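Chains E and F, in that order, are what the protein sequence lines are. The first sequence begins at 0 in numbering that gives the first Met the number 0 and counts up by one. The second sequence begins at 0 in numbering that gives the first Met the number 0 and counts up by one.
Calculated directly from the structure, the hints in this document are not laboratory data. Because the structure is a prediction, the values reported are computed rather than measured. There are no misleading hints in this set.
Keeping only pairs whose Cα atoms sit at most 27 Å apart, straight-line, the calculated DSS-like set for lysine-lysine is:
| hint | chain 1 | residue 1 | chain 2 | residue 2 |
| --- | --- | --- | --- | --- |
| 1 | E | K101 | E | K88 |
| 2 | E | K109 | F | K90 |
| 3 | E | K65 | F | K90 |
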Amino acid sequence: MKLNGIVLSTFSLIVNLYAVEIPEEEKWTIQNGKGLFHLLADTSWISNIVAEAYILGTVDGIINRKVALRALCGNTVDKALLTIPMGFKIEQILSIVHQFLKDNPKDLYKPSVALIRQSLLRATGQYDIAGY
Amino acid sequence: MKINGIVLSSIIITNILTAVPNDIEKESRWIGSGEVLMEMLQHPDANINMFGNVYIRGVASGLSYNSFIVNWMAEASPEFQNRVKRGLLLKLPDPVDWSEVTNVVYQFLLNNPETLELPSVLLIENALHEVYGGIQDEDE
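Starting from the given sequences, assemble the full structure and let the hints guide the process.
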């Protein structure tokens with residue numbers, strides 16, 4: 000009888016989970032702030048290292064593209080692009096991003112790349128021409 | 000055995016993170032050369048594979064987000080738009096199939112072994128441009 004109850008509850012839960020479509024912005028993936036924050040806040044080292052790999056990849060992508068964009072658009076584009084000051088360390092970047100996510104819980108539905116960019120722009124005192 | 004795997008993974012990842020210089024502006028290549036990225040993608044440890052895969056996702060997101068910023072600027076300024084249209088921006092499909100993106104990069108590395116000494120961020124960019132190649136000038 001108890002087993003039937005458990006099976007029924009589990010079945011109901013699965014049906015409910017499938018019945019309610021989770022909005023895209025509510026899903027926790029590394030692509031959005033919620034997922035990234037969840038990974039950074041997790042106590043497991045593998046979660047942390049995955050989040051760190053994503054952040055470092057994102058920063059590499061943003062910085063690397065600058066050369067091509069300058070060639071394409073001229074120096075005007077610099078106003079919209081992130082510049083990391085000389086001597087910045089990996090630990091500083093990770094700490095800045097993590098703190099920004101902690102301080103801005105209402106923005107966690109936004110894309111991680113936008114939040115990473117925004118956190119570093121603010122921390123390095125750069126003007127964000129395009130917003131996020 | 001499992002602990003050995005975890006220790007090995009930690010050592011490899013720590014080495015990668017500490018081996019590169021801290022100066023992003025000059026280097027912007029946290030994960031090192033394509034050889035390192037290839038080794039990570041082919042490593043028998045799933046955690047190391049994941050690290051490589053997630054790094055590729057991050058780079059792809061960063062590359063395409065800058066294109067978004069430039070497009071935003073182009074909408075605000077017609078003069079700027081003319082310049083952008085003459086160029087080539089990376090445009091990932093929407094929605095993005097991330098398995099496909101990482102596979103594109105992996106195939107590029109496999110097919111271009113002579114380029115593996117280059118920074119992985121450049122190789123990822125080249126791989127993605129080959130497949131998702133950008134916004135061409137409409138007049139061309």
